[in-house]
Amino acid sequence: MPASEALVYVIDDEAPIRDSLAMLLRSVGLASMLFPDAPSFLAAAPWRDHACVIADVRMPGMSGLELQDEMRKRGSALPIIIVTGHGDIGMAVRAMKNGAADFIEKPFNGQVLLDAVHRALAHAAAPPASAAMATEGDREDLERRIASLSPREREVMTLVAEGLPNKSVATRLDLSTRTVEVHRAKVMEKMGARSLAELVRMNIAAG
Amino acid sequence: MSLNTVLWNVGVALAYVVACEGVAAWLRLSHIPPIIWYASGVGLAALLLRGLSVLPGIMVAAFICALLGKASPELALLSMAAIGLQLTFAWWLLARVFKIDVVLSHVRDVVVFIAVGCTVVPLLNTAVMLLRDYLHGVANDPGELVRSQVTAMGEAVGILLIAPFILAIAAAWRQRRSWSMHVESLVLQVANAAVALVVFGGMMASSMSAESLPYAIFPFTYWAAFRLGMRDTALALLVAATIAVGCHSLGVGPFVMAHSTPANAFAHYASLYLFLIVLSSTSLLAAVTQHQREVAEQRAREHLDQLAHVARVASMGEMASAIAHEVNQPLTAIANYASASLRLMQDNRMSPAEATAVMKQLADEAERAGEVVRKMRGFVRGEEGHPVHIAVVDLFADVLRLSGPEARAHDVTLEADAGTGSLAVTADVIQLQQVLLNLVRNAIEAIASAHTVVRQVTLTAMPADNGMVEMRVTDSGPGIPADDLDRVFTPFHTTKPDGVGIGLALSRSIVEAYGGRVWASAAPTGAVVHLTIPAA
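Those protein sequence lines, which keep their order, are chains A and B. Residue numbers for the first sequence follow this note's numbering, so the first one is 133 and each next one is one higher. Residue numbers for the second sequence follow this note's numbering, so the first one is 23 and each next one is one higher.
Only chain B is shown next, with the shape it has when bound in the complex (with noise of 0.2 Å):
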């Protein structure tokens, strides 16, 4: 068992062990003793997200819950093994069966995460509850089935809460967030939890009416939804659900009846929770539904941003294509005049007059290439970027956003490291972009090439002299020849199949129009290509 693992199931028992114990404080404190069952939800997030082998930590847990409820050390071992094989049956469906997501991605894993997770466990600990009433003879009794159905709905709520939450910040965990983002999320938040108070805890005037005043809570959870994500929406009804069920548990709030004694008012827990579920339930698959349309979006847009760069780079090919065949036409005219006057003139067959016509033809054809060039210079000119000031932050998130699926597809680990700072430079963005694109692009076909073992390819950027900064694309490929350090940047050098030798050089009169430089190096494995940018 290794010490990451060790450590993962004395975290989870720690956190089962809060959930129990800050349930059972609470349950102490309350009228009406059913509420929300966490416990179960901590245990099964755990189990999902790290597999059977937090399952020591759980039992343990349970264990120790029980003995601090006052059980038995046999009825405390009987309840950990019940939670124990509860916990992994639902697992094993939910993971193994449906083999759901857990980041809960999809609209599918949520609706089947909702159907399995709230059902199967709540059922599985009610038929424990009433077999171990069975076995202590107070089967029969009305009351108490009331108790356990109710019981059985609150773990429901507990998981449907919970488990959401913990996957949701499992999956975000490393989710940037801008300024504007995290201020929305805080007043939504507050803004929830003031509603909820307000709703739950009977300061609303008794005139009101009692059955639709819940209905309040909706705009917040789905305020996280559309706008914030998974999330923000489990933190919403995490807290908007606590609220509810802890001013009932105190006997306020609209799902309390007016004439309502200890025994009927437990019974309204029932819709209490049916409530909760409801909105737990939509607003998750409001959230979940709204996060997979935004993933759609992205791709689309990343898809799209491809097809721009493809096109870009086949323009490219395509105009050296074009210059290609325009400049033959004016050369070879030149060349068949120059060879017809040499042996003209070699035989004194040439007479003055003629020579002049012919240099004129020679000229006229000069210029016409001429004109090639300087029409293919217009164009190029008329590309020409509008320098603006750019994060290298910034360039090298789109750089990996574009270069991912190309990186995935030859299986290379793309890296960013855009350095301590802020490094900013001055530079046309797309022309930057396509420049460091082009070099991304040459460094996963060089690791793809050679097919090495290490697949990697980091861009770095660092300060330099001069008012410059410095960037490089390393890779872990072959390398480049220590006598073709010079001449990769010439134009029409390629060492690939069907590469016309453009990339790199156009790449060195962009960085050039710039000022800065372009050059190539080896790395200790593989080759590092340099480039300087004046810093903004």
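In isolation and in its complexed conformation, chain A is listed as follows (with noise of 0.2 Å):
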């Protein structure tokens, strides 16, 4: 399928945040539609299927999370890249739990955008069998990774998927913030993860 043919619903109450996230979209030939709050957006059903949906996790209304429970209901498979905000990691992995596609934090890189709408789009369009296959390769793959942690790393991987911050996760285990940050670098260099939500990812995949 054709790029053009893509389409991203843009979901946030701000006004510049839709506005420069239309353009940064429109700059790599991505087109977009924004709504300023869930309701709007769940009244624009039925959705292209060659899309994928950028939402607020806090929002006046109807949370980001609310969003993506309504849309399953409604039998959408459509994608969804959860943005957040300041101290929302918690939410946002629990909508990664939830079959999000992607979390992003505010304020976040471009590209670091770009990627993951590339992503979801491509995940929008790729056929299910081709999809499963891939699964059933990632998983060894993942598993083969998993092995490669020490036990500290095992711990300090679970509770960074939970969206602790590092912090948080050196009181838990009694280690140095220090100690924590080091643990946390090897962890995603091992798993190969480039950012923390395709780490929520692979620990949500590993049970």
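Hints were generated in silico from the structure; no laboratory data involved. Each hint should be verified, as a subset may be incorrect.
[To be verified] Listed next, with one range per pair, are the computed distances between beta-carbon atoms:
#  : chain 1 : residue 1 : chain 2 : residue 2 : range
1  : B       : Val395    : A       : Met165    : 31 to 37 Å
2  : A       : Ala257    : B       : Met381    : 44 to 50 Å
3  : A       : Ala279    : B       : Val476    : 43 to 49 Å
4  : A       : Asp201    : B       : Met381    : 56 to 62 Å
5  : B       : Ala360    : A       : Ala257    : 28 to 34 Å
6  : A       : Gly231    : B       : Ala544    : 52 to 58 Å
7  : B       : Pro427    : A       : Asp270    : 41 to 47 Å
8  : B       : Ala360    : A       : Val314    : 30 to 36 Å
9  : B       : Leu326    : A       : Glu202    : 53 to 59 Å
10 : A       : Glu137    : B       : Asp506    : 51 to 57 Å
11 : B       : Ala377    : A       : Val314    : 52 to 58 Å
We put the CB at the ideal spot given by N, CA and C, even for glycine.
Put the complex together from the two separate chains, hints included.
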């Protein structure tokens, strides 16, 4: 399917964020539709198949998490990218467990967001069969990577993937924050995760 | 036996002998012999304060007193053993069975003290005297029986008067009083003594009803109880009672009946003693009740101060979180616009009109972020302090009071030395308190987290150059790594698991706002944080 047919639904209560996101998407040739809140997006159904959703986790009326639930209830499989503000990582992790495609922390690097959007669109376009096969291959790869972690690194990964900040992980494990930072970097490297969202996804996949 | 114990024994023995011999000399002067027996009260107070370690001193003193009273050595030994037993038994009941607090700070302590201290010793003493009389074959003499009962009451009054006075002095030894309190105390004691002399010295016209006259003492002991505390109450009681009994022993005062003979005047002691026991018991209970209420109020105040402090710290954390959130939004928009523009311009896909529009957006968003910062600054300025003259002594006292509970919770000793002379600074009290509380709290947390053996935080102050006063917070914690000495005051630098890293940064901005400086250095063990504030 040509990329020009892809559409990104942007839902954010702040106009500057919506507009700047639209421009960022346009700069890589992606079309977007903007909504100031979740209900107006839900009212715009049916949605295009080859699309993805970028939703702010905190919005007045209906949060990103509630929107996600509502879409699943309506049988939509559109990938959702959750955007979080300050201190909402825990909510983002919940969204991931609920099947969100990705999460991104504000303020974000434009490239990181675009990468996430491309991944989500590719997932939306991919036929289910090949996706399953890829998952099978990924699974073996994932297990191999997890096996390479030390017990301590495994503990750090579990807590970090729960959305806990380094400081809280340090307290839980009775380590210094510096040590947790080192372990965390090691985990990211061994797991081949480029972002926290990816690590969260791996942790969910690993069960 | 340590030198300290020896000195205490000698001191207690001397006090006991003075109490005995003073009364003995008085006894020789008086018309009607039985009078207040202070020595047992001295002995009991000493036991309560120092424990059984001072018992030898008391017993030696009792032996000497008996010999001075022309008793045979055998009788002196018996008397010594009897006194030792009585006092030890009373002490055991009070300190071990009822476990009273020797500073008599609770109503229960005073009630138990009155109930036990004033009955056990006199009753045992009466029993010993009756036994002695029986052995000497003078039993069943009714006059002797009354005499021993009155003597026992005299001993009870003695204990009730002297022991609380000694205990109150020991408890309030280091208590500081304001000048006005000293003056009030002096006025009260002089007035009390004067009224006691008038009432009990028979200086009032005989037309006055003698029965109601003694009540004139109550206002003074209650004045002491409600305004000046246990020490002044006990002193006022001691003085009034001594005057009352002294006058009575010379045959004057409201308790001496018109047609009294030495024989029945002796029996009138009973009503005088009863009066004194009621006066002392109620006054002491009033004093301790008032004390307990003051302590409770003080606790409540401290608690409120603590809450206010916690609220300030918490609101600081919330503020940091709010700033982060508010600045995040425009920052995200700016990053998006910039990133998109970069891409579009690289591919020559951006028209000048579009570029202009984006630039305008960027400027707007930057302005929005700036607005957040301006608002925050306005908010902080709204809380800007009012510099006043602050005595460092008072400042340190407040900080000790506010940090006390936390220090105690972590078993840390907190001390302050405000330096010689009267150091004072010009700053806002709350802000400067905030800075010092922050530093002390950090020090306590550093010690607590490192589990160091020596657990001490010290506040010191000294004059510094250029009209400044330097204050130091020294702790016995793990110290600050040399690399971090300069970094600890940077915003968001933190080593605490749940810290925001704003405390020291805020402290620095407050101190610098007054033209002072704050820096950290290494102590032989632990860390020192120094700060300078303009002297007043």
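Against the structure, the hints:
1. Val395/B <-> Met165/A: 31 to 37 Å: 34 Å, holds
2. Ala257/A <-> Met381/B: 44 to 50 Å: 36 Å, violated
3. Ala279/A <-> Val476/B: 43 to 49 Å: About 47 Å separates the Cβ atoms of Ala279/A and Val476/B, which means 43 to 49 Å holds.
4. Asp201/A <-> Met381/B: 56 to 62 Å: 40 Å, violated
5. Ala360/B <-> Ala257/A: 28 to 34 Å: Distance hint for Ala360/B, Ala257/A holds at roughly 29 Å.
6. Gly231/A <-> Ala544/B: 52 to 58 Å: With Cβ atoms ~54 Å apart, the hint holds.
7. Pro427/B <-> Asp270/A: 41 to 47 Å: 55 Å, violated
8. Ala360/B <-> Val314/A: 30 to 36 Å: With Cβ atoms ~33 Å apart, the hint holds.
9. Leu326/B <-> Glu202/A: 53 to 59 Å: 48 Å, violated
10. Glu137/A <-> Asp506/B: 51 to 57 Å: The hint (51 to 57 Å, Cβ to Cβ) holds, given that Glu137/A and Asp506/B are roughly 56 Å apart.
11. Ala377/B <-> Val314/A: 52 to 58 Å: 44 Å, violated
Checked against the numbered hints given earlier, the structure breaks hints 2, 4, 7, 9 and 11 and satisfies all the rest.
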